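Starting from the structure of chain A, add chain B where the hints point.
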Amino acid sequence: MSDSVPMNAKLRQAMLLAPALIFLAVFFVMPLFDNSMRSFMSEDGGFTLSRYTSFLTDRFYLGVIVETVVLAAAVTVISVVIAYPVAYVLVRKAGRLSGVFIFLLIAPLLTSIIMRTFGWQVLFARRGLVNQWLVTDLGILDVPLRWLNTPGLAIAALVHVLVPFAVLSIASVLQGVDRRLEEGALMLGASKLRTFFEVTLPLTMDGIGTGAILVFMIANGSFVTLVLLGGGFQTLPLLIYQQFNTTRDFALASTMSTILLAIALVCLWLQLRLVRRQGA
Amino acid sequence: MNMKRRTFLGTGAVATGLLGLNGLPLHAQDRTLNVTAYGGVWEQAVRDCFVAPFEAKTGATATVSLGGPPQWLAQVEANPEKPPLDVLIMSPDLAVIAAEGGLMDDFTVDKIPNLANIPQEFTDACLGKGTYLNYGVGGITYNKQVVAEPPKSFAAFVDRVASGEFVASVPSISYAVTPVFFIWALNDALGGTPDNVDPFFEAMAKMKDNLVFWAGPNDFFNHLASGEADLGIYFDGRTWNHVDEGVDWIDFVNPEEGGAMTAVAIQKPKNASDLAWEYLNEALAPENQSKFAEILNYGVTNSEVVYSDKLASRVTPLSKANLPPYADIARLRNEWVDRWNREIGM
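As they're listed, the protein sequences go chains A and B.
My numbering applies: residue 28 is where the first sequence begins, and numbers increase by one.
My numbering applies: residue 5 is where the second sequence begins, and numbers increase by one.
Quick caveat, the hints were computed from the structure, so don't treat them as lab data.
Please note that a few of the clues may not be correct.
What the hints assert, rightly or not - The calculated label-pair distances, taken between Cβ atoms and stated as ranges, are:
{"#": "1", "chain 1": "B", "residue 1": "Asp163", "chain 2": "A", "residue 2": "Thr75", "range": "43 to 49 Å"}
{"#": "2", "chain 1": "B", "residue 1": "Asp114", "chain 2": "A", "residue 2": "Gly146", "range": "28 to 34 Å"}
{"#": "3", "chain 1": "A", "residue 1": "Met57", "chain 2": "B", "residue 2": "Gln124", "range": "30 to 36 Å"}
{"#": "4", "chain 1": "A", "residue 1": "Asp85", "chain 2": "B", "residue 2": "Glu47", "range": "54 to 60 Å"}
{"#": "5", "chain 1": "A", "residue 1": "Pro135", "chain 2": "B", "residue 2": "Lys212", "range": "30 to 36 Å"}
{"#": "6", "chain 1": "A", "residue 1": "Leu150", "chain 2": "B", "residue 2": "Lys115", "range": "22 to 28 Å"}
{"#": "7", "chain 1": "A", "residue 1": "Gly146", "chain 2": "B", "residue 2": "Thr62", "range": "43 to 49 Å"}
Said to hold, decoys possible - If you only want the chain B side, here are some residues facing chain A, beta carbon under 8 Å, derived:
{"#": "8", "residue": "Ala56"}
{"#": "9", "residue": "Ala160"}
{"#": "10", "residue": "Asp163"}
{"#": "11", "residue": "Arg164"}
{"#": "12", "residue": "Ser167"}
{"#": "13", "residue": "Ala180"}
{"#": "14", "residue": "Asn338"}
{"#": "15", "residue": "Val341"}
Stated by the list, open to error - Here are some chain A residues pointing at chain B (derived, C-beta under 8 Å):
{"#": "16", "residue": "Gly155"}
{"#": "17", "residue": "Leu175"}
{"#": "18", "residue": "Arg221"}
{"#": "19", "residue": "Leu265"}
{"#": "20", "residue": "Thr274"}
Since this is a predicted model, take the numbers as computed values, not measurements.
Just so you know, even glycine gets a beta-carbon here, dropped at the ideal spot from N, CA and C.
Next comes chain B alone, as it looks inside the complex:
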């Protein structure tokens, strides 16, 4: 009798465990979409602007996975037949790699009607297998209390930092998009090409005694707040987020040469749920994008979006930002990183 009770309890425990495991989001379920978002204010914006309207329209649910593009792409690469994620937020260079690897579905107006209002070049930049959702611009953020006359161009930034007038905080090579919004942008402004990044490395050599490196955006803000640096290379949207939080001593300059447009791409892995098309259509809808822009202070890509006056004065127009050659960067990035390691250090 005793054994029977144990057997019963044991079987019950195993059954409960198996049922519990079945409930885990091991892969995307039919009526549940697993979408992605960066942490912090980004996550909340995704929930409010994309997830909520998607759920209201479809009756399906969307769970939000937090993390970053390298991790998400690795998850899809590990299980392309049954991807654990249905919609990916990607950096543009990884979007190209994912597209070239045949891991992503084609974006067409048939599947995503709102794609019609996204500039074609943004979809082309993802090789037709994704498009850009929003964008920021990498430029010069400075402490107004210390820097009365900020440099107006990348060239002036290099000269004045090299002369010791300022200490600058620049992104370290461990930050994923450094090759795009810092190496390529500065090199391009100084006359280099993707295949010739000597101008960038020469400029870094000139500035090296007056540089500190930030590992992440919070680190940059600490450098400015603590007085370790006077100015640096940072994003427009994040600068305005600090201003909205009450930081009144910070300001942003889009360099005369034009900062690099640092876009966020959005993609759907092959074999992911077809519900993802509905979600993507919501993510690209003008009303949702408009709300998204207001929260994040970044420009969005739907040409139908009309910004509020506050945002219009902050968002760098697409005409004043440079679209980096992401395919070239994806090809050359490892070479640049290796050179950085050997010449500049960490």
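Isolated chain A (complex conformation):
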């Protein structure tokens, strides 16, 4: 009788988990598996690695992989660097205004990403608002600048979308930092800067890591911003879309998406290792 109680508890737990697990298995794992399998299937239905070997030995496609990872990494670093001070002010300085700060932070996420991206087009077009100020109103420039379809603007637009994710991740960890540890360091003669770098920052590595992983994963698969703002980037998500929409080469699209998934998993593993090594 005494054994049946934990068994019942386990059964209840399993039953509570079951709907979510079944949903994930049916609508995520199985399609993902099916998609990956297509990339290993030859024309006659046999097993083949030929798509992977030709993809990974082609300098053009290798360049696309590198560009995808470098772009995601650049967006991640910039987002985290911008997000940390914002999170710091939000947690330590905003006081009663923190609610307003959080609302302002999240407000852009309430708008469709397509509308926000079109907004960038309107602002930075050749005869858009920014160039109008610079050329007509302020007279700083003689001719308008070409902002659109430059890497800088595409990265800025991605950072704009993703910074809130990093801020919220860092802020939640910063909130839990024991202030007495920082006060102790200050009382023992450490400067504010040293206290920050040797006490506060290491204690918030977990938040930085979580924010970085979130931003990296989303940037790695970002599509709409790059399609509309260009930036000259050739990334795997853009090529995958092209295989479905233009060439209908589903097997190549499956190969690319499996490689993109592998890259994401490897980067996730590396980032987790890095964060843990930092002592978080």
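Relative to the frame of chain A, chain B by itself:
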């Protein structure tokens, strides 16, 4: 007693669920036709011009699935024995692929009497397994406030964009019909052939510093409206739709070499409902096509259709449009796309 009630409720829930599932349009039903349409004004035009007369004549119902040809063809390929769609709207190159794959039924006048008034070349272009419903022409759309003298030909377009006189918005390679109405059309105008697209890529290299790329039609309009581009490669019908919406600064030129006729094909998957023949006959009927043309500002294919004066001045005559070799394009498209990726980028 308690268990019995639970059993009863559980059984009832399962039964209700199964009944509910039975009502889902998992495949075409006998008296219900599942037809396709692009979104926006296209959908409304399909409902008003084809679905309504079909339902009135047959007493059957037609549901409209929104999306695009690659998705619809993939749905039919996934279940050819019981296709979930009865009538497909297709791009001409995909229509050829679908026909070659043995997925579509033959079009004959016996089954579709109104097919008799559709030029035979349009049915031949679909290998006899479909025909063209309507068509637009890809040409030069420009902002009249910025471009006083637009280029009259593709060759002039290339020269003037390359010289920096204009910034042009051209379709990106991610847009499904770019290989047809941009790569083939420009290449053909510049003296190339389907097997030699060097002229196109040389022209793109000359223009590259003054190009922006649009990912979808709305994107093109934003480029012109925001001043990012002065002109670009776009469709006649969509240009006139903007004019009808009150945009008075936009205009269209069909290049002297002739723009590419960008047709919309219509097909019936094998094993789809036979009611589809009735629907296809309505879609090709002159009175319905005439109404369809008025809404969309695109030319239609039934030779009996007489356009209104407004539309007659807008629709590019078939004689001034070039019919792309869709079968060749379907064969070479992936090669062109790969070259574009390597030489031009996204």
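Evaluated hints:
1. B:Asp163 - A:Thr75: 43 to 49 Å: holds, 47 Å
2. B:Asp114 - A:Gly146: 28 to 34 Å: Given a distance of about 55 Å, which is not inside 28 to 34 Å, the answer is violated.
3. A:Met57 - B:Gln124: 30 to 36 Å: violated, 47 Å
4. A:Asp85 - B:Glu47: 54 to 60 Å: Cβ of A:Asp85 to Cβ of B:Glu47: about 41 Å, so the range 54 to 60 Å is violated.
5. A:Pro135 - B:Lys212: 30 to 36 Å: Given about 33 Å between the Cβ atoms, the range holds.
6. A:Leu150 - B:Lys115: 22 to 28 Å: This hint is violated: roughly 55 Å between Cβ atoms.
7. A:Gly146 - B:Thr62: 43 to 49 Å: Holds - the Cβ-Cβ distance for A:Gly146 and B:Thr62, about 47 Å, lies within 43 to 49 Å.
8. Ala56: violated, 31 Å
9. Ala160: violated, 22 Å
10. Asp163: At about 21 Å, which exceeds the 8 Å cut-off, the nearest Cβ of chain A leaves the hint on B:Asp163 violated.
11. Arg164: violated, 16 Å
12. Ser167: violated, 16 Å
13. Ala180: holds, 5 Å
14. Asn338: Result: holds, 5 Å to nearest chain A Cβ.
15. Val341: Status holds, d = 5 Å.
16. Gly155: holds, 5 Å
17. Leu175: The hint holds - A:Leu175 has a Cβ within 8 Å of chain B, the shortest such distance being about 6 Å.
18. Arg221: violated, 46 Å
19. Leu265: With Cβ-Cβ at 5 Å, under 8 Å, it holds.
20. Thr274: Check passed: Cβ of A:Thr274 comes within 5 Å of chain B, closer than 8 Å.
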